[in-house]
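J.: Residue numbers (this note's numbering), protein chains in the order written: chain A, 2 to 458; chain B, 2 to 458; chain C, 2 to 458.
Any given hint could be a false lead.
Pairs involving identical chains hold if they fit within one copy or between any two copies, as the list cannot separate such chains.
Derived SDA-like pairs (lysine to any residue); straight-line CA-CA distance at most 25 angstroms [what the hints assert, rightly or not]:
no., residue 1, residue 2
1, Lys335, Phe325
2, Lys419, His200
3, Lys117, Leu164
4, Lys419, Leu157
5, Lys417, Ala8
6, Lys117, Thr304
7, Lys419, Met334
8, Lys419, Leu16
Please keep in mind that the hints were generated in silico from the structure rather than gathered at the bench. From a predicted model like this one, the values you see are computed outputs, not experimental measurements.
What follows is the residue order along each chain.
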Amino acid sequence: MPEHSAASRLRLSGLCFFLQILNILLFAVFVRYSPESSSSLCSPQLNCSRRNQDSAFQHPRFRDVHLQVLLGFGLLVAFLGRYGPGSVVISILLVSFAIQWAILIQGFLYFFLNGKIYVGARSVVSADFCTAAVLISTGAVLGRVNPVQMLLLALLEVTVCTLNEYILLSLMGVSDSGRSLTVHVFGAYFGLMVSRVLHLPPTDKRKREDQQDVGHQPDVFAVVGTIYLWTFWPSFTSATTADDSAEPWAVLNTYFSLVASTIATVILSPVLYEESTPRMVQIQDATLAGAAVMGMAGEMLVTPFGALIAGFLAGLICPLGFRFFTPVLHSRMKIQDTCGVHNVHGLPGILGALLGVLLTLLATADTFGDRLELVFPLVAQGSRSAADQAFWQLCALPLTLLLATLGGCLTGAVLKTKALRSPPDKGNLERTILWEVDKEGCDPRTGGMEPGISTLV
Amino acid sequence: MPEHSAASRLRLSGLCFFLQILNILLFAVFVRYSPESSSSLCSPQLNCSRRNQDSAFQHPRFRDVHLQVLLGFGLLVAFLGRYGPGSVVISILLVSFAIQWAILIQGFLYFFLNGKIYVGARSVVSADFCTAAVLISTGAVLGRVNPVQMLLLALLEVTVCTLNEYILLSLMGVSDSGRSLTVHVFGAYFGLMVSRVLHLPPTDKRKREDQQDVGHQPDVFAVVGTIYLWTFWPSFTSATTADDSAEPWAVLNTYFSLVASTIATVILSPVLYEESTPRMVQIQDATLAGAAVMGMAGEMLVTPFGALIAGFLAGLICPLGFRFFTPVLHSRMKIQDTCGVHNVHGLPGILGALLGVLLTLLATADTFGDRLELVFPLVAQGSRSAADQAFWQLCALPLTLLLATLGGCLTGAVLKTKALRSPPDKGNLERTILWEVDKEGCDPRTGGMEPGISTLV
Amino acid sequence: MPEHSAASRLRLSGLCFFLQILNILLFAVFVRYSPESSSSLCSPQLNCSRRNQDSAFQHPRFRDVHLQVLLGFGLLVAFLGRYGPGSVVISILLVSFAIQWAILIQGFLYFFLNGKIYVGARSVVSADFCTAAVLISTGAVLGRVNPVQMLLLALLEVTVCTLNEYILLSLMGVSDSGRSLTVHVFGAYFGLMVSRVLHLPPTDKRKREDQQDVGHQPDVFAVVGTIYLWTFWPSFTSATTADDSAEPWAVLNTYFSLVASTIATVILSPVLYEESTPRMVQIQDATLAGAAVMGMAGEMLVTPFGALIAGFLAGLICPLGFRFFTPVLHSRMKIQDTCGVHNVHGLPGILGALLGVLLTLLATADTFGDRLELVFPLVAQGSRSAADQAFWQLCALPLTLLLATLGGCLTGAVLKTKALRSPPDKGNLERTILWEVDKEGCDPRTGGMEPGISTLV
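With the rest of the complex left out, here is chain A (with noise of 0.2 angstroms):
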C-alpha cells in the first residue's frame, strides 16, 4: 500500500528530524566549548570529576579523535563484511545521533557546570566510546529491527551505558580505559538481551546461521576493517592513557595481542571447519577479539608476553565461541547473535576484565613505577590498597552484567511495543519487525528474516 510505505517512510524522517531538532535545542541551551585557556579557568570540579588522566589530556589530540570517530567506522566497516554497503547508511545515522546525545548525557554527568556542559576534544572522544557500545549491540540484532527502532535503542543505550560509565569510573574509581567492560561487555549483552526480548517463535531460524557469510564482496570489507582496526585500535585502548614521555605500553600490548589472537584463530580454525585457512571474517573477528580483551589490561601489562598470552586465548575463545556456544544460545537460550558480538566483544570483555583483576592484584609500585599514578591514581595516593582496588575492579563486571541485562530487556520491551513496529499488513509478525523497505516482495511463506538480510547485502 503507498500511503502505509509512505507513512514509514516519513515516521524515521520525522522522528530524525525531532531528534536533531530536540539535540540542536539542547545543545543551544546547555552546551558550550571548554574555556580558552581551560588550566586555568577551570574549576576543580570540572576538571576533577574526571577521575585520573588530567595530565594525559593536557594536549588533548585532534589524532585521537579522529581515531575514535574512525574506529566507529572501523565497526562499521566491521559490520559492512556481513551486510554490505547498504547497512552503512544506518550505521552512520546511529553515529551522527549518538555522538550528539551522549556528549550531552555525558556533559550532565561529567562537565555540568553553572548550568552549562563545557566541550572539549575529550567529551567527543568519551562520546565515541559511547557511540562504540552502541554499535556493538546493533551488531546483534542487525537485520530485525527497522531503522526507528534504532534510533531509539541509541537513545536509550546511551543513556544506560553512561550511567554505568558514571558508576565504574567516577564512582567505584575503576580503571577501564580501553574500555573492556563498559564498551564491549556493556555493548555485547545489552544487544544480546534486546535480540531476546525481540525474539519470534516460529519460523525457520536455521536460516540465519548459514546467512552469516555470504558472497565475495563481504571478504573485501573484511580486509578494510582488519587493517583499519590494526592501525586504529591500539589508539583506542591507549586514548585516555597515552602520555607523550611515557614508552607507549597499552599500544604496544595492544599490538601484541593482535599478533597472537590472528595466529590462535590461524591454528584453530582449521581443527573447527574443513578449510586449511581461515577465511577473512574469521581473521577480523580475531582481531576484534584480541583487542578486546586488550582494554582494561592494555596499561596494566607490564610484560610482552602477558600480552601474547591474553591474545593467545582470546583468539581461542573467538572461534571456539562461534563454533559451540552460538549454536546453544540461538537453540536454548532463543537468543540471535547477528554478528557473533557475544563472541568477539562479550567473551573476551570478560577475560579481559578477569586479567585486569589478576593484574591489578599483582600491582605493586616497584612493577609499575610513575605508571601506577597514571594506572591507579587511588592506590597511588595511598587511600587504596591494590587489594581493594582489585576487589572493586572485580565488582565492576557483574554490576555491568546487570545494568546491561536490565538496560537491554526494558530498551527491548520498548521497541517490542506495536507503535514501533512497521504496520502488519497481513497480519503476519514475523515480517513487521524486518526493515520496512524490504516489506514488499517478500513472502511470508519463506519466512521473515531472510528477505530483510538479503536486500541489505
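Position chains B and C relative to chain A; hints supplied.
T.: This is chains B and C only, laid out in the frame that chain A set:
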C-alpha cells in the same frame, strides 16, 4: 585507425613528458628547501607575506601534509563513487601535476626571495588546497573531457586559483582558513563554467541524469570515501589554524557539522525520493556539504550548536539542489554537472561564506579571547574594525565568483580549440570530446556520452 | 583423500601452534619493556648500539608505529591488487609471526642487556621494517609456495635480513634510513633467489604472465593500495629520521618522488602498451618504485628537483623492467617473479642506493648544516671523510646482494625439501608446491600453477 589512435595515445604521453621536464627545469632553477633553522634565517618578507598563522606553522606537522594528500584522494574516492577505478588514474595524474605546478605558482607569489622559491611542509599544504580546487572542477566535466584537456584545465585553474587566493588572503586580509571560498566555491563555479562552454547542443542529454549512480561497485567506494572524509576533513578545515595550545574548535565544529548534515540528508531523502533510507552516495554528498560549509566559519564559531545548525542547513541544501536545481541548471542554463559539484561544493560553500560574514560581524574580543589574534589578526591588531573585516569577507564572495567565472570561460574556450579535441574521424562532434579510449566501438546513434561513461565505470 | 588433506590442514595449524608457543616462551624468558624513564636508566650499550638517531627517537611516536603496521598492510594491499582477499589471510599470518620473530632476533643483536631484551616503540618499528622485507620476498613466490613454506621463509629471512641490517647499519655505519638496501633490495633479491631454487622445469610457464592482472576486483584494491602508499610511505622513509625541529625533507623528497614517478609511468605506458592510459596496478607499481628509490637518498637530497629526477627515473625503470626484463628473467634465468618485485623494489632500490652513494660523495657541512649530524653522524664527528662514507655506502650494495642471494638459495633449498612439500598424491611434482587448498579439482594436464592462482583471485 591504428595510426590515429597511436597519435592520440602518444599525445597525452608527450604532453606529460613536456610538462614534467618543464617542472623539473623550473624546480632546478627556482625551488630550494627553506633553510634548516627556518625561524632565524627567514626574512620578514618570507614569513609575513603569509597572512597570519605564523605561530601555528611553527612546527609544520607531517601529519597535516599527509592528511591533505589523502584528502586529495578523499576527493578521488568521492569521484570513484560515480566513475569507478578507471577514473582514478587520471585523477592521480592530475594530482601529480597540479601539486608541482601549484608549488611553483604559489611559490612565486608567496615564498619568493632572492630569486629562489623556498618550499617546506607549508608549501605542500598550500599546493594540496589548490589541487583540491582542481579536483572539484573536474567533477563538473568528468566524462566529457579527455586527459589532455584535463591537464590543461589543471594548468590554467591552478594559476587562476592561486591568483584568487593571493588577492583574498594576502591583499584583502580575508580569513578563509578552511577554504570555503578559495577551494569550494572557486572550484565549483570554475568547473561549471568550463562545463557551460564545452556544452554540446543536441543529442540525448536526458541520459546523463540517470547515469549518475550505477550498480553496486560505486556504493563500496562511497562507503570508503565517506569514511575518509569523516576522518580527515576536520583536519583539512583546521590545517592552517591548528594550534597545540588551544582546543581544536575548528575540528570540533566541522565534526558537529558533519553529524548534523548527515541527519539532515536522512530526513530529507525520503521526502524527496521514493526510498525510505538514502543511498550511500547521498550520505557522502551530505558529508562533503557539511564540511564545505565549515570552511570559512569553522574557526569562527564559538558555540557547538551554531555548527549543528550550519551543518543541518548544508545537509538540507545539498539534496534539494540535486532534486530541483540541477535539472534547471541543465535544461535552462545548459550546464551539465556530472558529479553535482554545484550542490555539494558550490551552494554549501556560499552558505559557509555568508555565515562567515555574519560571524565576523559578531566577533568581539570577549567571545574570541586569544583566538581573535589567530582568526582575525588585523582586527586584533586594531587596524580594522569587525565591521570592516565583515565587509571584506563579504566582498570576497562576488570576487571569487567573478574570477571563477572568467577563469572558467577562458579555460573552456581554450579546451574547445580544435587542436585539443580528439581527431574527429566521422565528423561526429560529441564523440570527439569523450575519452579517446572509447572511440572505437562507439555507435554515434546511441549518443556520444554514454560509452565514455560506461567504460569508465 | 580426506585423511591426507586433514593432515595437511593440520600441519599449518600445528606449525603455527609450535611457533607461537615458542615465541611466547622466548618472550617470557627474554623480553621486557624498556624501563619507564628510559633516558636515565638506559645503559650506554642499549642506546648506542643503534647508530645515530638517538634524539629523533626521544619521543617514540605511536603514530609512526601505526604507520609502519599500516605500511605492512599497505604492502598487503599491494598484493591484493593481484591476488584478491584470499591471499591476505596468509599475509596477515606472516606479518603476525614475522613481527614477533623480528623483535626477538633484532632484540638479541640490538637491545640485549643483562640477559633481557628491552623493547619499546622503536623495536616494533624495526620489526616492521624487517616484516616489510619478508612481504616483498613473498611477492616473488606468491602462488607457488604453501603457507607452511611461507612461514619457514619468514623464519629464515627475518634472521638473515636482521644480520644484513646489523652488518650494514651498526658495523659498517651505512646510512640507509628509508631502507633502500636492507628492505627493498634485500627483500627483492632474496625472493628472486628462492623463486629460482623452487623453479619447476616443464609445464606451461607462459601462462604466468598474462595472469598477472585479472578482472575488475584487483583494480579496486590497486586504488586503495595506492592511496595507502601515498599517504603513509613518506612516513616510512622518514621514520627513523623524523625530527620535530627540522623541516621534514625526507617526507617532502618522497612526496616529490612519488609525483614524478607517477607521471613517468603515464608517459611510458602508452609507448610500451596499446593503451592510452595506464591501468591502476601500473600506477601502484610506480608509486612503490618512486618510494623505493627514496629509501636511502630521501634524507640526503637537499633540493626538491633531485627528488623529482630520481622519482622520474624510477617511474621509467619500473615499466621498462616489466616490459623487457621480466621476460628475460623468466626465460633465460628461469626466475618467475609473480608480483614483479624485481622491477618494483629491486631495480629502484639499487638506483636509490647508487644515488645515495653519489649524494654522500657530495655531502658537505655547508649543504647539510645541522642535518649532517643526523644523516652521517660519523662524518659530522670527523671520524670519517665524506668519500670514506661514500665508499662504505657503495660496499653495502654488493654485500646486501650477496647476503640476499646466499640467504635466498639456502631458504629455497630448505623449502624444497620433500617434507615441506604437500604430500604428492599422484606423483605430480608441480601441483604439490601449490596451495594445498587447491589440490582437489586440479587437472595435472593443465599445468599446476593455474589453479593455485585462480582460486586465490
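J.: A separate judgement is required for each hint: does it hold in the structure or not?
T.: Checked hints:
1. Lys335 <-> Phe325: within (15 angstroms within a copy, 49 angstroms between copies)
2. Lys419 <-> His200: Result: close within a single copy only, 15 angstroms intra versus 55 angstroms inter.
3. Lys117 <-> Leu164: This pair counts as within: shortest intra-copy Cα distance 19 angstroms, inter-copy 45 angstroms.
4. Lys419 <-> Leu157: within (18 angstroms within a copy, 62 angstroms between copies)
5. Lys417 <-> Ala8: Within one copy, since 19 angstroms is at most 25 angstroms while 50 angstroms is not.
6. Lys117 <-> Thr304: between (44 angstroms within a copy, 12 angstroms between copies)
7. Lys419 <-> Met334: Only inside one copy: Lys419 and Met334 sit 24 angstroms apart there, 51 angstroms across copies, limit 25 angstroms.
8. Lys419 <-> Leu16: within (16 angstroms within a copy, 56 angstroms between copies)
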